[in-house]
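**Q** Residue strings, one per chain:
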Amino acid sequence: MDMPRDTTTEALDDAPDEALLVLYANGDRLAATALTRRLVPRVLGYAARLLSDRAEAEDVTQEAMLRLWKIAPDWRAGEAQVSTWLYRVVTNLVTDRQRARTRRAATPLEDAPEVADEGRGAVAGMIEADRMAALDAALGQLPDRQRQAVVLRHLEGMSNPEIAAIMDIGTEAVESLTARGKRSLAAILSGQKAALGYEDEE
Amino acid sequence: MQDRDTEFDDLDALFSAARARPAQPSEALMGRVLSDAVALQPVSPAFVAAAAPAPVGLWRGVIEFFGGFGALAGMGSAAAAGLLIGFVQPTGLSDLSAALIGGQIDSLSLMPSLEDMIPEVTP
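In order, the protein sequences belong to chains A and B. Numbering-wise (our numbering), the first sequence opens with residue 1 and increments by one. Numbering-wise (our numbering), the second sequence opens with residue 1 and increments by one.
These are computed hints drawn from the structure, not numbers from a lab. By construction, the Cβ of each residue, glycine as well, lies at the ideal position given by its N, Cα and C atoms. You can trust all of the hints, since none of them are fake.
Computed Cβ-Cβ distance ranges for the label pairs, DEER-style:
#, chain 1, residue 1, chain 2, residue 2, range
1, B, G70, A, N92, 48 to 56 angstroms
2, A, P143, B, S35, 33 to 41 angstroms
3, B, G76, A, D14, 52 to 60 angstroms
4, A, I71, B, G68, 35 to 43 angstroms
Listed next, the stretches of chain B that the computed footprint assigns to chain A, with coverage defined by at least 3 CB atoms under 8 angstroms from CB atoms of chain A:
#, stretch
5, 8–14
6, 17–24
7, 27–39
With the rest of the complex left out, here is chain A (with noise of 0.2 angstroms):
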């Protein structure tokens, strides 16, 4: 049977984050549930392109999220956004885990995200899913913050004053970023461009 959405939820799925943090803080239990449905997707696809691996990014969303929870009471109204101050938390919690495992080798190819087939031919889904992989893998062979700035700015679609204030540095320094991150997957995916699939899809 198709259940009508209660209005309740309708509304908060419509509120701002700001409005449900503070409701979150006012003890509203459906505030929690549509902060976490709306954020955790965000935070985990983030998490996932800068660590590469998706259990790390599982910790590092629940983390990011423990301490959204823990600051909501003290949360001053209009001083940051919501998602800019997750995003930052993120940033942080993933830089610690990069420089804690900087020994250890890369390994980017293993952790291509799962296909989710949504009626499209296999062999078209494949070909989508081996860009996702190509495109991760070509992500993981940036400098951190280079891909952090990429990801931020051509995947999560942050500005640059946002990303400025998310990584802690000038817009002028993410404009640079940006830049040199994005010729080098280019450089790196022009190499690829066979295993991609370009020439048989166009």
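Since the structure of chain A is provided, determine the placement of chain B on it from the hints.
**A** This is chain B only, laid out in the frame that chain A set:
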């Protein structure tokens, strides 16, 4: 060999394809995050008050009226003791009441009669 613009177009296409595939967190992760949220959530007095008027059973209401289960248990044992004393009439207690009251009491008026309440009018 492709020129740089085409390379960047390809890259942009790849980015937009990646953006169209948001991460899908596992149920386990969502559960972990949500249970943290519930554990750390401040409890607002307003929400406690709103949550309180859950259906309360009759016995629960009675017990709470008398000040909880412990108080009610105390009252129960006092009542049982009173009943027992009344039936058994221990000799010690009879002696005590005789000493205090002085003899057998056949009747006891707990309500003063109406006549005692009316002031006497002397002609």
